[in-house]
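If you're matching them up, the sequences are chains A and B in order.
With this note's numbering, the residue at position 44 of the first sequence is 44, and numbering never jumps.
With this note's numbering, the residue at position 45 of the second sequence is 1045, and numbering never jumps.
Since the hints were derived computationally from the structure, they do not count as laboratory data.
Hints may be right or wrong, so weigh each one.
Unchecked claim - Taking lysine-lysine and the BS3-like style, the derived pairs with C-alpha atoms no more than 30 Å apart in a straight line are:
id, chain 1, residue 1, chain 2, residue 2
1, A, 199, B, 1075
2, A, 293, B, 1031
3, A, 30, B, 1131
To be verified - In silico negatives: residues of chain A with every beta carbon more than 12 Å from chain B:
id, residue
4, 107
5, 148
6, 153
7, 172
8, 182
9, 183
10, 215
11, 258
12, 268
13, 270
14, 287
15, 333
16, 349
17, 358
18, 361
19, 366
Claimed, not checked - According to the in silico footprint, chain B covers these stretches of chain A (three or more CB under 8 Å from chain B):
id, segment
20, 9-16
21, 314-327
Ideal Cβ positions, reconstructed from N, Cα and C, are used throughout, including at glycine.
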Amino acid sequence: MVELLAPVGKLENVYLAFYYGADAIYLGGKNFSLRANAQNFDIPEIAEAVKIANDFGKKVYVAVNIVFHDDNLEGLEDYLKDLARIKVNGIIASDIIVVKTVQELNLDLEVHLSTQASVLNSYSAQFWKNLGIKRIVLAREASREDIKQIKMDTGLEIEVFIHGAMCTSFSGKCVLSNYMTNRDANRGGCAQICRWNYKVDGKEDLTITPKDLNMVPFIQDMMNIGINSFKIEGRMRSIYYIATVILVYRRIIDGILNHTLTKKAQEYYLNILNRCANRDSTPQFYDKLPTEKEQYFWGRDEVSNKDFLGIVLEYNKEDQLVKIEQRNYFKVGDVVQFFGPNTKTFDYEVKEIYDEDKNLIDVARHPQMIVYLKLDKPLQKYDMMRIKVFDYYEE
Amino acid sequence: MENEKKLVVVTSKDIINDLREKDYTLLYPLKSFCVGYNLEFEITEIDDFVLVNRILTNADILKLNDLLHRNNKIKGIVFDDLGVLEVIKDLKVTKILMLNHLANSSKAINYYLDYVDSVMISTDLANTEIKEILKKSNKPLVLYIFGPIPLMYSRRTLLTNYHKYHNLENERLMDAHIDEKYFRIIENDYGTYFYTKKYFYYEDYSNLDNILYYYFNPVFLDKDKILACLEGKVDNIDTFDFLLKEKTIYKLKSGDYHG
């Protein structure tokens, strides 16, 4: 069965990712991982994440995916030994040093090859398989035919990205940040220079920003060709984004497995995904070479919405009050939606808001303030509240 | 220094005879297997080293296998995709891996040297790092001495997409800049390459040990400048030393790991 693999940037989000339907998560340690700006995990925190995963019967992979320079090697062996000791389910590496070190230390650690290695053919995949790699995260540039061929020729586990930001470059083949900012892109310092405007004499600015990846239309096909793991990008994304994306793909995958996924549902899920991200998303290399339609041409174009209104902390059946931690401004009269992995999405008009001391207020205006709403439908901890933009689909 | 240790990318047909006369080792970009060059060669035209710097699909590798086995004049191959290793196993040529931006430590390079004759050191390292790698390498290495620095390789046809979107006549070679940082961008059907507009020049290369080849990439230069740069005369070329004097920033110092 295909694995739904979600990104987690901090310990608080581990439970949430599993709760919303991820089969596995990937995270970065404080050392040796790309995404230097994510909060990231130390060893006790990774151990805690593994414990949470075990409770759910799910998995944790740890990214050890920088490209090492000679003076970064100190501490690597101890770090890998620690990861083996706390029994993470695998590590994600791009540098041959990590692959060989695991072998030489004879560690009980499954190694997955990172997309940074840009594998696009089965000969390259076989090279890594011979070094003990169990799974390859293929280059985002892989087409359907490439994926199918590599799977068929090597028998390796194949992981592909299905959702999230795209690099303009082949991953690992870009040092624009090094040139512009002296920050090393292959050691977590990517400054996203591909999202800047480039001046061209006598012409419009050149922009090279890709739209995000969104594989909703091809999930069934990707399951048919035997992909083992569907990966969502975004260790630095918000919990609302992560929860929404996980839940949408969980429902699509389960809908396909149960033969219940309809076209109407798929359209609804696409709307939800497009709304929760701050960029447009589209399939990219799977079925064609991306054209100008898969790019942006007006520079930095992210649009932030304030759809995420709050997260449910508890529901009291006795007084029918739901306790919510506010995330964005809402007021009496707003029409909102509640959703969660075990809660059918429903609309709700905010008629009364109570503050933490149960005083009536008109507006929830402060981030993370605690409020109560009166609700006769039970909710569960970690359900979420968002602005109603679309009619919900009866799941 | 012997000219044959200078591995020169052939970027102009006019210059081939001059380069041969002076015994430089020639590196020909192979047609349909390279990005970043405005001149590529059919396999039948190549009688020295062949350059394959694209990331390849299965179909590409099979085609490459066929081409390489048709020409017994090839003396060496410089390649980026590890999949190429499989199809050149039986070829008695010098095999050089050019995993640019990913061969950044002596340890990684020594592991790769188990499979090839040499590795090209990444172009984004500081001088101290380069010297450390050369000192610790198990075999002589290839060092990028001269040429624009390759900054980014995309599978997308970024220039075609740009011109199409803006309804402009397509150009597949273009200059652009962000503030004072200038880029030269070149595209073909297999992708887009961003170079620095300035030419990197490692001035003191003749003092280095453990070098198999000094790599010269005079792409976009005219004949006179190419011949001049090979003789160390770069006064008329806009050169810089990229990151030679300053290591790139990594958030950790070595030894920061405490579990």
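- Violating hint indices (sorted, rising): 1, 5, 6, 7, 8, 9, 20, 21
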